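Colleague: Chain by chain, the residues run as shown.
Protein chains: 2
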Amino acid sequence: MYDFSAEPGNNELTVNEGEIITITNPDVGGGWLEGRNSKGERGLVPTDYVEILPSDGKDQFACGNSVADQAFFDSLSASTAQANASAANSSNQVSSGSDPWSAWNASKPANWESSDGWGAKPEGAAAQRSAANNWDSAFGHPQAYQGPATGDDDDWDEDWDEPKSSPYFKDPESAEAGGAQRGNSRASSSSMKLPLNKFPGFAKPGMEQYLLAKQLAKPKEKIPIIVGDYGPMWVYPSSTFDCVVADPRKGSKMYGLKSYIEYQLTPTNTNRSVNHRYKHFDWLYERLLVKFGSAIPIPSLPDKQVTGRFEEEFIKMRMERLQAWMTRMCRHPVISESEVFQQFLNFRDEKEWKTGKRKAEKDELVGVMIFSTMEPEAPDLDLVEIEQKCDAVGKFTKAMDDGVKELLNVGQEHWKRCTGPLPKEYQKIGKALQSLATVFSSSGYQGETDLNDAITEAGKTYEEIASLVAEQPKKDLHFLMECNHEYKGFLGCFPDILGAHKGAIEKVKESDKLVATSKITPQDKQNMVKRVGTMSYALQAEMNHFHSNRIYDYNSVIRLYLEQQAQFYETIAQKLRQALGRFPVM
Amino acid sequence: MYDFSAEPGNNELTVNEGEIITITNPDVGGGWLEGRNSKGERGLVPTDYVEILPSDGKDQFACGNSVADQAFFDSLSASTAQANASAANSSNQVSSGSDPWSAWNASKPANWESSDGWGAKPEGAAAQRSAANNWDSAFGHPQAYQGPATGDDDDWDEDWDEPKSSPYFKDPESAEAGGAQRGNSRASSSSMKLPLNKFPGFAKPGMEQYLLAKQLAKPKEKIPIIVGDYGPMWVYPSSTFDCVVADPRKGSKMYGLKSYIEYQLTPTNTNRSVNHRYKHFDWLYERLLVKFGSAIPIPSLPDKQVTGRFEEEFIKMRMERLQAWMTRMCRHPVISESEVFQQFLNFRDEKEWKTGKRKAEKDELVGVMIFSTMEPEAPDLDLVEIEQKCDAVGKFTKAMDDGVKELLNVGQEHWKRCTGPLPKEYQKIGKALQSLATVFSSSGYQGETDLNDAITEAGKTYEEIASLVAEQPKKDLHFLMECNHEYKGFLGCFPDILGAHKGAIEKVKESDKLVATSKITPQDKQNMVKRVGTMSYALQAEMNHFHSNRIYDYNSVIRLYLEQQAQFYETIAQKLRQALGRFPVM
Numbered sequence: 001m002y003d004f005s006a007e008p009g010n011n012e013l014t015v016n017e018g019e020i021i022t023i024t025n026p027d028v029g030g031g032w033l034e035g036r037n038s039k040g041e042r043g044l045v046p047t048d049y050v051e052i053l054p055s056d057g058k059d060q061f062a063c064g065n066s067v068a069d070q071a072f073f074d075s076l077s078a079s080t081a082q083a084n085a086s087a088a089n090s091s092n093q094v095s096s097g098s099d100p101w102s103a104w105n106a107s108k109p110a111n112w113e114s115s116d117g118w119g120a121k122p123e124g125a126a127a128q129r130s131a132a133n134n135w136d137s138a139f140g141h142p143q144a145y146q147g148p149a150t151g152d153d154d155d156w157d158e159d160w161d162e163p164k165s166s167p168y169f170k171d172p173e174s175a176e177a178g179g180a181q182r183g184n185s186r187a188s189s190s191s192m193k194l195p196l197n198k199f200p201g202f203a204k205p206g207m208e209q210y211l212l213a214k215q216l217a218k219p220k221e222k223i224p225i226i227v228g229d230y231g232p233m234w235v236y237p238s239s240t241f242d243c244v245v246a247d248p249r250k251g252s253k254m255y256g257l258k259s260y261i262e263y264q265l266t267p268t269n270t271n272r273s274v275n276h277r278y279k280h281f282d283w284l285y286e287r288l289l290v291k292f293g294s295a296i297p298i299p300s301l302p303d304k305q306v307t308g309r310f311e312e313e314f315i316k317m318r319m320e321r322l323q324a325w326m327t328r329m330c331r332h333p334v335i336s337e338s339e340v341f342q343q344f345l346n347f348r349d350e351k352e353w354k355t356g357k358r359k360a361e362k363d364e365l366v367g368v369m370i371f372s373t374m375e376p377e378a379p380d381l382d383l384v385e386i387e388q389k390c391d392a393v394g395k396f397t398k399a400m401d402d403g404v405k406e407l408l409n410v411g412q413e414h415w416k417r418c419t420g421p422l423p424k425e426y427q428k429i430g431k432a433l434q435s436l437a438t439v440f441s442s443s444g445y446q447g448e449t450d451l452n453d454a455i456t457e458a459g460k461t462y463e464e465i466a467s468l469v470a471e472q473p474k475k476d477l478h479f480l481m482e483c484n485h486e487y488k489g490f491l492g493c494f495p496d497i498l499g500a501h502k503g504a505i506e507k508v509k510e511s512d513k514l515v516a517t518s519k520i521t522p523q524d525k526q527n528m529v530k531r532v533g534t535m536s537y538a539l540q541a542e543m544n545h546f547h548s549n550r551i552y553d554y555n556s557v558i559r560l561y562l563e564q565q566a567q568f569y570e571t572i573a574q575k576l577r578q579a580l581g582r583f584p585v586m
Numbered sequence: 001m002y003d004f005s006a007e008p009g010n011n012e013l014t015v016n017e018g019e020i021i022t023i024t025n026p027d028v029g030g031g032w033l034e035g036r037n038s039k040g041e042r043g044l045v046p047t048d049y050v051e052i053l054p055s056d057g058k059d060q061f062a063c064g065n066s067v068a069d070q071a072f073f074d075s076l077s078a079s080t081a082q083a084n085a086s087a088a089n090s091s092n093q094v095s096s097g098s099d100p101w102s103a104w105n106a107s108k109p110a111n112w113e114s115s116d117g118w119g120a121k122p123e124g125a126a127a128q129r130s131a132a133n134n135w136d137s138a139f140g141h142p143q144a145y146q147g148p149a150t151g152d153d154d155d156w157d158e159d160w161d162e163p164k165s166s167p168y169f170k171d172p173e174s175a176e177a178g179g180a181q182r183g184n185s186r187a188s189s190s191s192m193k194l195p196l197n198k199f200p201g202f203a204k205p206g207m208e209q210y211l212l213a214k215q216l217a218k219p220k221e222k223i224p225i226i227v228g229d230y231g232p233m234w235v236y237p238s239s240t241f242d243c244v245v246a247d248p249r250k251g252s253k254m255y256g257l258k259s260y261i262e263y264q265l266t267p268t269n270t271n272r273s274v275n276h277r278y279k280h281f282d283w284l285y286e287r288l289l290v291k292f293g294s295a296i297p298i299p300s301l302p303d304k305q306v307t308g309r310f311e312e313e314f315i316k317m318r319m320e321r322l323q324a325w326m327t328r329m330c331r332h333p334v335i336s337e338s339e340v341f342q343q344f345l346n347f348r349d350e351k352e353w354k355t356g357k358r359k360a361e362k363d364e365l366v367g368v369m370i371f372s373t374m375e376p377e378a379p380d381l382d383l384v385e386i387e388q389k390c391d392a393v394g395k396f397t398k399a400m401d402d403g404v405k406e407l408l409n410v411g412q413e414h415w416k417r418c419t420g421p422l423p424k425e426y427q428k429i430g431k432a433l434q435s436l437a438t439v440f441s442s443s444g445y446q447g448e449t450d451l452n453d454a455i456t457e458a459g460k461t462y463e464e465i466a467s468l469v470a471e472q473p474k475k476d477l478h479f480l481m482e483c484n485h486e487y488k489g490f491l492g493c494f495p496d497i498l499g500a501h502k503g504a505i506e507k508v509k510e511s512d513k514l515v516a517t518s519k520i521t522p523q524d525k526q527n528m529v530k531r532v533g534t535m536s537y538a539l540q541a542e543m544n545h546f547h548s549n550r551i552y553d554y555n556s557v558i559r560l561y562l563e564q565q566a567q568f569y570e571t572i573a574q575k576l577r578q579a580l581g582r583f584p585v586m
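Here the protein sequences line up with chains Y and D, keeping their order. Here the first sequence is numbered in full-length UniProt numbering, starting from 1 and rising by one per residue. Here the second sequence is numbered in full-length UniProt numbering, starting from 1 and rising by one per residue.
Be aware that one or more of the hints could be misleading.
Keeping only pairs whose Cα atoms sit at most 30 Å apart, straight-line, the calculated DSSO-like set for lysine-lysine is [unchecked claim]:
| id | chain 1 | residue 1 | chain 2 | residue 2 |
| --- | --- | --- | --- | --- |
| 1 | D | Lys-39 | D | Lys-258 |
| 2 | D | Lys-424 | Y | Lys-424 |
| 3 | Y | Lys-431 | D | Lys-424 |
A few chain Y residues that face chain D, going by a derived Cβ cut-off under 8 Å, partial list only [said to hold, decoys possible]:
| id | residue |
| --- | --- |
| 4 | His-414 |
| 5 | Tyr-552 |
| 6 | Leu-576 |
Source of the hints: derived by calculation from the structure; they are not laboratory data. Since we're looking at a predicted model, the values are computed, not measured. Note that the Cβ used here is the ideal one computed from N, Cα and C, for glycine as well.
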């Protein structure tokens, strides 16, 4: 069905699209089967790279696409590789490294476009579009969003892994800028660059298609926007659900050659569990990003990590973050109700999962086309108002991004101190007091046993305090950091979202010229304004969702922090009073 | 009366001993008079460098010593300068710098002697002794313990000042080893080297004189030693007193050219105040060291400081330390009852002070001769027991010195953190929270005012916590540090004290040879053992005094520390709970 390149020495078999192989063992486990190709070579092939040929009913599999398709894919992957390369170059040229906000600070909207690559070469992008005219066929191919050297569908984890970036809590010494790094690694560079690099023509061409199409297809899926007390809002489902991520289990495949961690996901509404590996989460993330990323910030998944992938601590932390991510998704009225998300949680068997997966990958309502599914029950907006709203969101999200980063930096620094030098110091105080008590006990002077015992106890108390201090950040600062990391992830999506909006607004502004030269009709322009209005309503609805979540989240997390901090200091005071009580009164 | 070298440009007049000058103004203030010498030169001379000639009753003053005396002093000061130079050399050669304990770690008693200069050249020292046979005449001269370039009796402060050494709390960045430095600067190098450098022949010759004298003079002053429940002890006076050091005032002399700080001292038993400058404290310290230093640890005075001498903070700190020093002295049964100490606190006028000062400087019962005033009411000790006691004290004081230094180092480090990076970090947390609240307030979303106000308050709370953290060490750690500094000072005296004891024990050990060669009689040897026994009783009495004070002091200061720390953490917890209470419950 798809090209599959065997990894040398891995007992794998390279297959090409359209090639027919003979199955020798239909299931060796872990999603692999053993097959033999026309040359008689035998080896392992991922089961979802092949399809049972229904035509003759024999033990034969074939990749489902024609040779003509193959040529198309080849040309596509060449242009994709090219896009990747040039995107890598341009991202190196961005002034403040990977800061997606760097463009936002510049006043000229042109900068926006050039720095993030949107509309910088509208003609080139349009040209690319013709090659990638079918998003589905391009994006439906798993290799389209794998790295250039990949091929083993079951080893996304390994293949995709970026150089190890330690989260702030892993290595307090080296992770100086860990907070910033982490947030950027996926949230900004990845979540922002990905649609640009990997889906050439995602922005502008989709935008023109959306703004100028004579009639938008009326899709079955409708995303309603209503106007509530706080302005435009998504419609919240009558019953909500969460999804419990639990029970991380090490699985293996390839006779134990490859191992991975599988998580159990249990939606609270069905209470029926499904299992997913990290790579499946990543698949879902990519689908959501492709589909909703122009309208809704899709926070990045927790970092992947090559080394120490199976360390207990790491697994626990990743699960916690996957849980937080899933909860976010479940909380979102649009995402939680989407077919791809529902399918991810509710498939009944492997086959249903794969069918759903392929369907999702073929979804055409992606990119800015998502706005075509939205029908705000609200009056049309004029362009000035639209632009103001967009600018206000930009200003706020940029400012909040700064605020969140400040808090993360401070928190990072504080974490390091609380887990490093500070407890070491308390331990030293404790040891020094105990040493002194030992010396005192050697004085030979009578009647100082009580004092020396008390000093020893005071010393032990300071050692206990050292442990309390070192452990405390896990009980409070951790949650404050996690919350801010999540928001940093959200906020990192806004340059893209706002870029789409700005791009649309610019298109409308340019449209007078097009009307004047009769390239479009006045009615076309009317439609464009209305559609940009729809985008604006969507942005406002999303912002209202964002704000209400933000208020809830920050209230909760700061309360938790203060409560835990207060308890912490109370505990220390109590321990000190206990130690004090042991001293003889003279 | 004494040589006085005028400082150039200071309107001073150089006078030599025996020179007769004519007074032109008997009191220009600040202890100076204006005079004219035989050459007709006029200038200022310190009043206590001259003496009114009673012989003819005219307005003439003369230095009271004969020309023959002058020759003696010249020869003496030459040998003193020499001794200073060689002592400076040898102190550079001591292995671990200024650590007075370095010798203690070596097992051979010979090292003791060579490293601290005691008895290294017994013959040379004995030779020097013949020149300095009259301690009184040598030590009574103020120049005998001033630096080589000095001459202005009224400017001890300036002339004696060592290079500025910051106490631990002055400059947390540069004072890394401030604790160690401070304790050593006077306590060890000064208090140990001074009697050796400046009083050549202080140790050995005095020791032989004490151990071998046919009959000890029965002085009026007796220092009793009794045996109590805890062993040998000093006799404590029935009524004790303290001395309040207060009201530091800037004074000036020389028409405002020179200024100094004067402190008011009020003994609690008389409630009558006297004023003293730092240099007077230093004079008292030197006298006590000369007189009691072989038997009793005389803690060094707080450091002198050239720059910023009149800064409020410095004056306050120095006064606090002078107070602590005076309280220590008042608490000591031998020192507090001594004539020199009493006279320091109870002189009625300038004249009485000067008379007492001169008398003290002429005191012959100094160095090891102090033991001749002690009469233990206890059975004689044998040499083995004496040596064991001495070793035990050495072991304990060395171990405690280590313990105290450890605590000082840790405390120093903790002080730096608590006054530097830690509050800065809390401040940053506070600022970050307030920034976030400001950003949140700009959201335009309704109904989040309560939350944002609460976050702002939480931020301010963290700024308050920053101040609390930064101020706290002054309330608790300070006292723990001061107490340990004081004990470091005490402990730094023990190498000298123990050196005297070890030296005496060695002498007794050598005495069999002397008896065999009939250089001394068996009775002489008996006397020697008895006198070393007296020294041992004195050491035990002093150690018992030391221990009882130590127990009291450490109990008090650790209790204070724990109490203050507990209160500190309780205050923080309370503030956090207050901040928490402002958050809306959702």
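Colleague: For each hint, tell me whether it holds in the structure or not.
Modeller: Taking the hints in turn, this is what the structure says about them:
This hinted pair checks out: Lys-39 (chain D) and Lys-258 (chain D) have alpha carbons roughly 27 Å apart, not beyond 30 Å. Simply put, Lys-424 (chain D) and Lys-424 (chain Y) have alpha-carbon atoms about 19 Å apart, close enough for the 30 Å limit, and the pair holds. For the hint linking Lys-431 (chain Y) to Lys-424 (chain D), the alpha-carbon distance of about 27 Å falls within 30 Å, and the restraint holds. The criterion of a C-beta within 8 Å of any C-beta in chain D is met by His-414 (chain Y), whose closest approach is roughly 5 Å, and the hint holds.
The restraint placing Tyr-552 (chain Y) at the interface with chain D holds, with a minimum CB-CB distance near 6 Å, inside the 8 Å limit. The interface hint given for Leu-576 (chain Y) is met, as the beta carbon of that residue sits about 4 Å from the closest beta carbon of chain D, less than 8 Å.
Taken one by one, the earlier hints all hold for this structure without exception.
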